[in-house]
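Chemist: Here the protein sequences come in this chain order: A and B.
Okay, so the first sequence: first residue is 1 according to full-length UniProt numbering, each after it adds one.
Okay, so the second sequence: first residue is 1 according to full-length UniProt numbering, each after it adds one.
Errors might be hidden in some of the hints.
One copy or two, it doesn't matter: identical chains are merged, so the pair holds either way.
Stated by the list, open to error - Derived lysine-lysine pairs resembling DSSO-like cross-links, with alpha carbons at most 30 Å apart:
hint: 1; residue 1: K25; residue 2: K143
hint: 2; residue 1: K35; residue 2: K143
hint: 3; residue 1: K143; residue 2: K111
hint: 4; residue 1: K198; residue 2: K143
hint: 5; residue 1: K111; residue 2: K198
hint: 6; residue 1: K25; residue 2: K35
hint: 7; residue 1: K204; residue 2: K35
hint: 8; residue 1: K35; residue 2: K198
Just so you know, these hints were derived from the structure itself, not from any lab.
So the chains spell out like this:
Protein chains: 2
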Amino acid sequence: MILHGYFRSTASWRVRIALGLKGLKAVQVIHHLRKGEQRTPDYLALNPQGLLPAFVTDDGAVLTQSLSIIEYLDETSPAPSLLPADPVQRARVRAVAQAVACDIHPVQNLKVLQRLRDLGLGEDVVQAWAATVIEEGLDAVDKLLADQPGAFAFGDAPTLADLCIVPQLGNARRFGVEIRWPRLLALEAACLELPAFKNAVPGKQPDAE
Amino acid sequence: MILHGYFRSTASWRVRIALGLKGLKAVQVIHHLRKGEQRTPDYLALNPQGLLPAFVTDDGAVLTQSLSIIEYLDETSPAPSLLPADPVQRARVRAVAQAVACDIHPVQNLKVLQRLRDLGLGEDVVQAWAATVIEEGLDAVDKLLADQPGAFAFGDAPTLADLCIVPQLGNARRFGVEIRWPRLLALEAACLELPAFKNAVPGKQPDAE
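Build the full structure now, drawing on both the sequences and the hints.
Modeler: Shown next, in the form of structure tokens:
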């Protein structure tokens, strides 16, 4: 298995956690996002979106999109499960994951922020854009979790939701967002007790700066 | 079942198609996006993200995020299935759906375009932003489908991927994007032969303008 990623890419980070929880090992191939290495012809042949991560199975199948890769890992290596058994709870876990992966991250990733700079907007405006998107997004995520008991986002074990929230909190701090949601801080602390989460943080990756 | 939506919301449109394919009927509750009705306290109590759609099950459970709602419908009303059986193909279908639902739609939806206007950018710049995001996104989607045979995105029956592509093509036309991808036009034509797709188009909704 090969994971094409980058230490700071929150989407790659989600997949690193999933691999760790499942006890799977993948070779990491690094593509430096700030140097544009995800836009080389070789990588575009692998993933026409030019986004990280991409995942190559032992049979050579190339998979893209972090949530889709994680669901694949969950279907092919079911223990421990990253989704609850009950369909309503599964939908809620996926919704929180998508609230991060659709409505926060793509609106404040490197590509969009560069687009804003290219329109002539100043760095303060660009940074404020990212911070606002993250704050509004995490505010909603916090409310979506309000009725959920347990140390993690949903219950007493990590789910796909935690895999998205923890990297997004890391990203939030990079943009100077104050993490003012005790529920999110608590689940992050619970997650970071686990080796899979500990080993997946950007600072522990081979390309960490 | 209740579907909280809006005729032009592509995310609501995806769920309308899924309901149709499954032969399910939901009461439609309309929230006028341009009038900001998705930001009323009543609706925010239902969906703290203030986004459409939201879905209420017969048991009163509130679900959010279109892809998550559709996976719920697929798990609880399995026929016809909206995902293939093979895990690699499932991952590819989900990846195409997410290429639309994460990387195109949230970066060019009403909320983001309004954010751009609020920064003082002119309407021509705002429209060009949306068109570029859609064009680049659909270009990648087209490449992701290059090796997939069949009338639909993946094979001879519609999947979650088609449910995302068809509304996004409708949205692309609203922003003046020329649909220059024969593969996407062909699958759209195949989909629009089916009553579920025909009946889900914005023009056929009770709130169509």
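Chemist: Can you tell me if K143 and K111 fall within 30 Å by alpha carbon in one copy, between copies, both or neither?
Modeler: both (28 Å within a copy, 20 Å between copies)
Chemist: With identical chains, the pair K25 and K35 could be close in the same copy or across copies; at 30 Å between alpha carbons, which is it: within, between, both, or neither?
Modeler: Only inside one copy: K25 and K35 sit 26 Å apart there, 50 Å across copies, limit 30 Å.
Chemist: Could you place K198 and K143 in one of the four classes (within, between, both, neither) given a Cα distance threshold of 30 Å?
Modeler: within (26 Å within a copy, 36 Å between copies)
Chemist: Reference check for the pair K35 and K143, CA-CA at most 30 Å: within, between, both, or neither?
Modeler: Classified as between: cross-chain Cα gap 24 Å, same-chain 37 Å, threshold 30 Å.
Chemist: Taking 30 Å as the upper bound on the Cα-Cα distance, should K35 and K198 be classified as within, between, both, or neither?
Modeler: within (27 Å within a copy, 45 Å between copies)
Chemist: Should K25 paired with K143 be assigned to within, between, both, or neither, using CA atoms and 30 Å as the limit?
Modeler: between (35 Å within a copy, 29 Å between copies)
Chemist: Within a copy, between copies, both or neither: where do K204 and K35 come within 30 Å Cα-Cα?
Modeler: within (20 Å within a copy, 47 Å between copies)
Chemist: Go through the copies and call it for K111 and K198: within, between, both or neither, with a Cα cutoff of 30 Å.
Modeler: Classified as within; 27 Å inside a copy, 35 Å across copies.
Of the numbered hints stated above, none is contradicted by the structure.
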